[in-house]
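Enquirer: So you can see what is in the structure, the chains are spelled out below.
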Amino acid sequence: MSSLPHRHGFRPVPSPAGSTSPEELTADELTALAERRPEALERFYDVYFTRVFGYVSRLVKDEHAAEDLTQDIFMHLHRALSSYDPRRALRPWVFTIATNKVRDYWASATFHDRSLNFADDDEDGEGRPSPRRERTSEERGPRAILAGAELETAVREAIDRLPGQLRQTLVLRYYEELAFEEIARIVGRNEVAVRKRYSRALSELRELLGEVHDLGTPQGGAG
Amino acid sequence: MNFDDELPDAQPDPALRKALQHWPRPEARSDFRERLRAEFLAAPFEARASEEVAAQDLGPAPQVAPRWGEGLPVPEILTPALSPARRPWFTLVSIGAIAAAALFLFRWQSPTRWTVAASSEFTLARVDGKEFSPAQGEQLAAALKPGSVVEVEGGALDLLLDTRVALSLAAGSTLTLVAVPEPEVLASIWLDQQRGSLAVVTGPGFVDANLRILTPDGEVRVVGTRFAIEVIAGMGTCVCCAEGIVSVFDRPLTEGLVPEAAPEHKLAGGEMIFVFSDHRPRESGPAIADHLAPLESLRQVWAGAR
Chain A
3 MSSLPHRHGF
13 RPVPSPAGST
23 SPEELTADEL
33 TALAERRPEA
43 LERFYDVYFT
53 RVFGYVSRLV
63 KDEHAAEDLT
73 QDIFMHLHRA
83 LSSYDPRRAL
93 RPWVFTIATN
103 KVRDYWASAT
113 FHDRSLNFAD
123 DDEDGEGRPS
133 PRRERTSEER
143 GPRAILAGAE
153 LETAVREAID
163 RLPGQLRQTL
173 VLRYYEELAF
183 EEIARIVGRN
193 EVAVRKRYSR
203 ALSELRELLG
213 EVHDLGTPQG
223 GAG
Chain E
309 MNFDDELPDA
319 QPDPALRKAL
329 QHWPRPEARS
339 DFRERLRAEF
349 LAAPFEARAS
359 EEVAAQDLGP
369 APQVAPRWGE
379 GLPVPEILTP
389 ALSPARRPWF
399 TLVSIGAIAA
409 AALFLFRWQS
419 PTRWTVAASS
429 EFTLARVDGK
439 EFSPAQGEQL
449 AAALKPGSVV
459 EVEGGALDLL
469 LDTRVALSLA
479 AGSTLTLVAV
489 PEPEVLASIW
499 LDQQRGSLAV
509 VTGPGFVDAN
519 LRILTPDGEV
529 RVVGTRFAIE
539 VIAGMGTCVC
549 CAEGIVSVFD
559 RPLTEGLVPE
569 AAPEHKLAGG
579 EMIFVFSDHR
589 PRESGPAIAD
599 HLAPLESLRQ
609 VWAGAR
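Sequences listed follow chains A and E, in order.
The working numbering puts the first sequence at residues 3 to 225.
The working numbering puts the second sequence at residues 309 to 614.
By construction, these hints were calculated from the structure, which means they are not laboratory data.
Careful: at least some of the hints might be erroneous.
Stated by the list, open to error - For lysine to aspartate or glutamate, the following EDC-like pairs were computed, each having C-alpha atoms within a straight-line distance of at most 16 Å:
| id | chain 1 | residue 1 | chain 2 | residue 2 |
| --- | --- | --- | --- | --- |
| 1 | E | Lys326 | A | Glu69 |
| 2 | A | Lys63 | A | Glu154 |
| 3 | A | Lys63 | A | Glu159 |
| 4 | A | Lys63 | E | Asp339 |
Claimed, not checked - Label-pair distances were calculated between CB atoms; the ranges are:
| id | chain 1 | residue 1 | chain 2 | residue 2 | range |
| --- | --- | --- | --- | --- | --- |
| 5 | A | Ser84 | E | Gln447 | 16 to 22 Å |
| 6 | E | Arg588 | A | Glu44 | 57 to 63 Å |
| 7 | A | Ser85 | E | Glu591 | 40 to 46 Å |
Values in this document were obtained by computation on a predicted structure and should not be read as measured data.
Cβ atoms here follow ideal geometry from the backbone N, Cα and C, with glycine treated the same way.
With the hints as constraints, model all of the structure from the sequences given.
Expert: Quick look at the structure:
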């Protein structure tokens, strides 16, 4: 039966509450959080503020927008805690709300005003706005970026060029370390599609960063 | 940080991994962090929340439809302080009228017995083509009728049919509610799972009921248990039983086909069977842990119903 195609499918066992890393809330803390006890709220904020702000910032670039969204997300989380089931994993729940807020932002007029480089380039026909990946003659090649700028800037710009859904998947998987199954539930797609997105994001990054993404030895020259 | 593509053809790329590590997590301004922290801990959102929450997506914690009987008028009029001017017969008539009205409302609402469980984490679901967000759990439940087609786009939609059965429909699944029991008329619960993954836990009200689930490859009949089904397009149907006994037939028992005419396999707790679309001999073995996993959380919905 090991050849059956669903061995790795369906819904893996969710992360049991309280059994994750020390940075996660314990089961008792989750119960207290659902009851919105002050000490649990404080612990939750301390654990998740940095994650949520970092996640949002990586997706929206604009610092003021990231702050507005983070504030909105925490307001929303506070209200939604009344319906939070402490038996459920907390992290996917938080990132689902954060992702929905970012989506709303991407769809908003504010976003379009602020991001002239973004358009409704639907990278996989799923109806979400995503950054247009234009490669005009004026665009700097990755080698030029790497040669003339900090590595951090080069990586950030490369990730910024990814279509929104690929960027979202990459950030959730690589930087926030969520499981594919969790990401699938967050973004509302199946796990296979998420894995493909992640693979595609890495592939595009390789292309964007060229053969010189080993930044210990950046290569010069135009890209 | 995760870097494994987890795809068969993916090759580790240390250079890219090293490059990505050079983008540290953006830090917030300390004054913003502290200001938001103060606001969050002081819980000032409650007052303004009520104005916004109805219009916003609550993520995987959907609005829960009222429990059966909730929302009926509180019969406070049944115990009023009698006015000296009122006569006893007036009070009795009032009590009767209110009771009749309450009974009417109760029965009027009775056809809608589906609720969206609080454990749902769906992001988008469709009923007969109409889209529902997590905040519209009550409307979604009200839209469920015999013959309705339910599709889940993201997350998992957990549905309760009063206290009889709990269903968890995973993303990418399509289920038709062929028939459900009418009020006070005992009948089969008959579902048609066209695709995707379905987890089922029968509840305390399932006594004497029966459940039939058709798949493209077979049929599952249940008399009170916990089990999971996954339909894999072009391959077949996998049924995993956690508890009780499940009858699995190689073909759907439709169009007059009687159970005796189709091969039947009894599946006990901890067992799995895979029925192939091309009618190859079915395979069996131990239940798949990943398929049983949703059942553990789903069964919790009955904790308060017993």
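Enquirer: Run every hint past the structure and note whether it holds.
Expert: These are the hints, each one checked on the structure:
no.: 1; hint: Lys326(E) x Glu69(A); verdict: violated, 28 Å
no.: 2; hint: Lys63(A) x Glu154(A); verdict: holds, 14 Å
no.: 3; hint: Lys63(A) x Glu159(A); verdict: holds, 10 Å
no.: 4; hint: Lys63(A) x Asp339(E); verdict: violated, 19 Å
no.: 5; hint: Ser84(A) x Gln447(E): 16 to 22 Å; verdict: holds, 20 Å
no.: 6; hint: Arg588(E) x Glu44(A): 57 to 63 Å; verdict: holds, 58 Å
no.: 7; hint: Ser85(A) x Glu591(E): 40 to 46 Å; verdict: holds, 41 Å
Of the hints listed earlier, those the structure fails to meet are numbers 1 and 4, in rising order.
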